[in-house]
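Visitor: What follows is the residue order along each chain.
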Amino acid sequence: MQNYEKEILNAHELDNMLTRLTFQILEKCTDFDNTKIIGIKRRGAILADRIKEKIKQFKNIDIEIGYLDITLYRDDLTEISEFPILRGTEINFDVKNKNIILVDDVIFTGRTVRAALDAIIDYGRPKKIILAVLIDRGHRELPIQPDFKGKYVPTSIDERINVKLKEIDEIDSVSISKMIK
Amino acid sequence: MSFTKTDLIGLKDLSKEEILFILETAEKFKEINQRDVKKVPTLKGKTIVNLFFEPSTRTRTSFEIAGKRLSADTINFSSSSSSTTKGETLIDTVRNIESMNADIFVVRHAFSGSVKFIAENTKANVVNAGDGTNEHPTQALLDLLTIKEHKKTFEGLNVAIIGDIEHSRVARSNLWGMPKLGITVRLFGPKTMLTEHFNEFNCKVCSSIEEAVDDVDVIMMLRIQRERQSNLLLPSLREYSKFFGLNKILLSLAKKDAIIMHPGPINRGVELPSILADSKQSVILDQVENGVAVRMAVLYLLSLNKKGE
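In order, the protein sequences belong to chains A and B. As numbered in this note's numbering, residues 1 to 181 make up the first sequence, in order. As numbered in this note's numbering, residues 1 to 309 make up the second sequence, in order.
In case anyone wonders, no lab produced these hints; they're calculated from the structure. Keep in mind it's a predicted model, so treat the numbers as computed, not measured. Heads up, a few of these hints could be off.
Claimed, not checked - The calculated lysine to any residue pairs, modelled on SDA-like cross-linking and capped at a C-alpha distance of 25 Å, are:
| no. | chain 1 | residue 1 | chain 2 | residue 2 |
| --- | --- | --- | --- | --- |
| 1 | B | Lys46 | A | Asp118 |
| 2 | A | Lys151 | A | Arg42 |
| 3 | B | Lys68 | A | Lys59 |
| 4 | A | Lys54 | A | Glu170 |
| 5 | B | Lys30 | A | Ile46 |
| 6 | B | Lys28 | B | Lys123 |
| 7 | B | Lys242 | B | Lys280 |
| 8 | B | Lys44 | B | Ser71 |
| 9 | B | Lys307 | B | Gly113 |
| 10 | B | Lys39 | A | Asp122 |
| 11 | A | Lys41 | B | Lys180 |
| 12 | B | Lys28 | A | Arg114 |
| 13 | A | Lys166 | A | Val153 |
| 14 | B | Lys255 | B | Glu155 |
| 15 | B | Lys46 | A | Lys166 |
| 16 | B | Lys116 | B | Ser79 |
| 17 | B | Lys5 | B | Lys123 |
| 18 | B | Lys280 | B | Pro235 |
| 19 | B | Lys38 | A | Lys151 |
| 20 | B | Lys191 | B | Phe243 |
| 21 | B | Lys39 | A | Gly88 |
| 22 | B | Lys28 | A | Ile91 |
| 23 | B | Lys46 | A | Leu86 |
| 24 | B | Lys39 | A | Lys149 |
| 25 | B | Lys39 | A | Ile91 |
| 26 | A | Lys149 | A | Leu26 |
| 27 | B | Lys28 | A | Pro84 |
| 28 | B | Lys39 | A | Glu90 |
| 29 | B | Lys38 | A | Arg111 |
| 30 | A | Lys59 | A | Glu27 |
| 31 | A | Lys166 | B | Met1 |
| 32 | B | Lys307 | A | Asp76 |
| 33 | B | Lys39 | A | Ile85 |
| 34 | B | Lys39 | A | Phe93 |
| 35 | B | Lys38 | B | Val283 |
| 36 | B | Lys151 | B | Glu31 |
| 37 | A | Lys36 | B | Lys5 |
| 38 | B | Lys44 | A | Arg111 |
| 39 | B | Lys180 | B | Phe21 |
| 40 | B | Lys151 | A | Leu86 |
Work out the full structure, taking the sequences as your base and the hints as a guide.
Guide: Right under this line is the structure:
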């Protein structure tokens with residue numbers, strides 16, 4: 001068995017992509033008093049932090065941020081092989097009537113985003129939710145599409161997208177891998 | 001860390017890592033209880049049956065709230081209105097309810113060991129909600145969570161458990177659990193309620209209440225369980241209160257930031273005067289609040305593990 005892995009974004013490209021995503025968000029959102037960012041744990045939360053910093057840098061606006069753990073909202077809790085560890089949700093603001101920028105690293109089947117939408121709506125009824133993801137790898141099982149995506153990467157179902165972020169993985173990189181038997 | 005237990009019978013069966021894992025999970029569940037919509041869909045479609053063969057209000061309510069906040073269907077069964085009064089055996093009662101596709105049984109029973117017996121005879125996950133004088137694991141876990149919140153650590157803490165140790169399943173669960181986490185437990189109570197077999201536990205049996213509370217971090221007062229003992233063990237409540245109750249002078253012997261705990265319900269004026277039960281050092285209501293989070297964590301973790309898989 002051999003592991004095939006190819007880098008598709010290096011640290012510099014990843015940062016550029018986040019900058020572009022941030023500008024797209026800034027163009028779409030005008031009412032920043034009513035806008036909040038929510039990142040899906042774990043890597044979506046880190047990307048959300050970085051987008052927040054870029055908005056602060058470009059617009060001098062400090063947007064409130066929250067972090068969402070969707071484990072308890074998963075529809076496949078009893079089927080997954082690994083033991084789901086709760087990381088906890090930290091949303092310390094009222095989502096009611098707010099524009100929410102929801103951030104994740106990869107969109108795949110769409111089930112994580114569905115769970116995140118359910119979780120956010122349990123906190124209150126937002127005015128609007130905008131979805132921004134770094135990588136869209138296709139294979140949607142639900143009719144959910146991101147408003148903004150950094151890169152569309154067509155994949156086969158047995159390939160993996162590995163997003164590595166220096167906060168937890170020591171490097172910034174995105175790669176595609178496949179186990180070759 | 002993975003949690004592979006299918007039943008929670010007692011802290012005797014849990015490792016230090018498993019206890020800490022349940023507490024960490026419970027901490028995450030606390031956030032749900034602060035929300036406007038105190039509900040997550042995690043156990044949607046699961047059926048939890050509260051099988052209470054002994055009266056209880058707070059534990060049953062706490063489990064019921066925990067189950068409902070996880071979106072499970074929770075059904076309450078009390079022995080007084082059931083077929084057990086018509087002579088049906090315990091296992092027949094359990095198997096009948098199991099046939100209605102119950103997923104989790106939360107069981108309280110007056111006989112020690114009965115919950116383990118049920119767990120061995122059902123495919124459903126079983127949680128011990130108190131069996132005789134044996135164990136009451138979720139109460140001990142909520143005690144530990146409350147201690148963790150107030151003291152930040154377990155290692156090196158001194159805890160005094162005072163009162164009717166003999167009849168207290170809460171004390172017994174804590175006696176199994178606390179030493180595993182590095183807590184030193186001191187026991188004190190009337191000789192009639194503190195038999196020699198406690199020397200076998202990893203704890204210190206004190207000869208005076210002053211010795212028990214001296215420089216401790218936590219004082220856990222137990223309730224006089226009049227329903228589980230004869231009058232012969234206790235001359236009078238007044239005398240008990242005088243010699244085994246906590247008061248301000250005794251509290252001053254403990255650490256300045258010592259916390260007062262009680263599993264409830266309090267016999268006010270017997271083991272604890274109101275002035276201490278309602279004081280800033282009292283964390284009794286924190287214990288009740290933490291009870292829901294701990295029970296949510298236990299129901300969640302057990303539900304992920306099916307028996308025979």
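Visitor: Could you run down the list of hints and mark each one as holding or not?
Guide: Outcome of the hint check:
1. Among the hinted pairs, Lys46 of chain B with Asp118 of chain A is consistent with the structure: their alpha-carbon atoms are about 19 Å apart, no more than 25 Å.
2. Between the alpha carbons of Lys151 of chain A and Arg42 of chain A the distance comes to roughly 20 Å, so the proposed pair stays at or under 25 Å and holds.
3. The hinted pair formed by Lys68 of chain B and Lys59 of chain A fails the criterion: a straight-line CA distance of about 45 Å is larger than 25 Å.
4. This hinted pair checks out: Lys54 of chain A and Glu170 of chain A have alpha carbons roughly 21 Å apart, not beyond 25 Å.
5. Simply put, Lys30 of chain B and Ile46 of chain A have alpha-carbon atoms about 23 Å apart, close enough for the 25 Å limit, and the pair holds.
6. Taken as a hint, the Lys28 of chain B and Lys123 of chain B pair is broken in the structure, with Cα atoms around 28 Å apart against an allowance of 25 Å.
7. Distance check on the hinted pair: Lys242 of chain B and Lys280 of chain B sit about 23 Å apart at the alpha-carbon level, within 25 Å; holds.
8. A hinted pair counts as satisfied when its Cα atoms are at most 25 Å apart, and Lys44 of chain B with Ser71 of chain B qualifies at roughly 5 Å.
9. Under the criterion of a C-alpha separation no larger than 25 Å, the hint pairing Lys307 of chain B with Gly113 of chain B is consistent with the structure, at around 20 Å.
10. A C-alpha spacing of about 8 Å is found between Lys39 of chain B and Asp122 of chain A, which places the hinted pair at or below 25 Å, so the restraint holds.
11. For the hint pairing Lys41 of chain A with Lys180 of chain B, the CA-to-CA distance comes to about 32 Å; that exceeds 25 Å, so the pair is violated.
12. Only pairs whose Cα atoms come within 25 Å are accepted, and Lys28 of chain B paired with Arg114 of chain A is accepted, the gap being roughly 21 Å.
13. A distance of roughly 22 Å separates the Cα atoms of Lys166 of chain A and Val153 of chain A; the hinted pair therefore holds under the 25 Å criterion.
14. Proposed proximity of Lys255 of chain B and Glu155 of chain B is supported: the alpha carbons are some 16 Å apart, at most 25 Å.
15. About 40 Å separates the Cα atoms of Lys46 of chain B and Lys166 of chain A, which puts this hinted pair outside 25 Å; it is violated.
16. Using a Cα cut-off of 25 Å, the hinted pair Lys116 of chain B and Ser79 of chain B holds, with the two alpha carbons roughly 18 Å apart.
17. Distance check on the hinted pair: Lys5 of chain B and Lys123 of chain B sit about 13 Å apart at the alpha-carbon level, within 25 Å; holds.
18. With a C-alpha separation of about 32 Å, the suggested pair Lys280 of chain B and Pro235 of chain B falls outside the 25 Å cut-off, and the hint is violated.
19. For the hint linking Lys38 of chain B to Lys151 of chain A, the alpha-carbon distance of about 37 Å lies beyond 25 Å, and the restraint is violated.
20. Simply put, Lys191 of chain B and Phe243 of chain B have alpha-carbon atoms about 12 Å apart, close enough for the 25 Å limit, and the pair holds.
21. In summary, the hint linking Lys39 of chain B to Gly88 of chain A is supported, as the alpha carbons are separated by about 14 Å, within the 25 Å threshold.
22. A hinted pair counts as satisfied when its Cα atoms are at most 25 Å apart, and Lys28 of chain B with Ile91 of chain A qualifies at roughly 13 Å.
23. The straight-line distance between the Cα atoms of Lys46 of chain B and Leu86 of chain A is roughly 20 Å, inside the 25 Å bound, and the hint therefore holds.
24. At most 25 Å may separate the alpha-carbon atoms for a hinted pair to count; Lys39 of chain B and Lys149 of chain A exceed this at roughly 31 Å.
25. Restraint check for Lys39 of chain B and Ile91 of chain A: the C-alpha separation of about 15 Å stays at or below 25 Å, so the hint holds.
26. Only pairs whose Cα atoms come within 25 Å are accepted, and Lys149 of chain A paired with Leu26 of chain A is accepted, the gap being roughly 14 Å.
27. Of the pairs offered as hints, the one joining Lys28 of chain B and Pro84 of chain A holds, with about 13 Å between alpha carbons and a cut-off of 25 Å not exceeded.
28. The hinted pair formed by Lys39 of chain B and Glu90 of chain A meets the criterion: a straight-line CA distance of about 16 Å does not exceed 25 Å.
29. Restraint check for Lys38 of chain B and Arg111 of chain A: the C-alpha separation of about 22 Å stays at or below 25 Å, so the hint holds.
30. Straight-line distance between C-alpha atoms of Lys59 of chain A and Glu27 of chain A comes to about 11 Å, which keeps the hinted pair within the 25 Å bound.
31. For the given pair, Lys166 of chain A sits about 24 Å from Met1 of chain B by alpha-carbon distance, which is consistent with the 25 Å threshold.
32. At roughly 19 Å between alpha-carbon atoms, Lys307 of chain B and Asp76 of chain A fall within 25 Å of each other, so this suggested pair holds.
33. For a cut-off of 25 Å, the pair hint linking Lys39 of chain B to Ile85 of chain A stands: about 19 Å separates their Cα positions.
34. Of the pairs offered as hints, the one joining Lys39 of chain B and Phe93 of chain A holds, with about 18 Å between alpha carbons and a cut-off of 25 Å not exceeded.
35. The suggested pairing of Lys38 of chain B with Val283 of chain B holds, with an alpha-carbon distance near 23 Å, which does not exceed 25 Å.
36. Of the supplied pair hints, the one linking Lys151 of chain B and Glu31 of chain B holds, its CA atoms being roughly 20 Å apart against a limit of 25 Å.
37. With a C-alpha separation of about 40 Å, the suggested pair Lys36 of chain A and Lys5 of chain B falls outside the 25 Å cut-off, and the hint is violated.
38. Pair hint Lys44 of chain B plus Arg111 of chain A holds up; C-alpha atoms about 17 Å apart against a cutoff of 25 Å.
39. Distance restraint check for Lys180 of chain B and Phe21 of chain B: the Cα-Cα separation of roughly 13 Å lies within the 25 Å cut-off, and the hinted pair is therefore satisfied.
40. For the suggested pair Lys151 of chain B and Leu86 of chain A, the alpha carbons sit about 23 Å apart, so the restraint of at most 25 Å is met.
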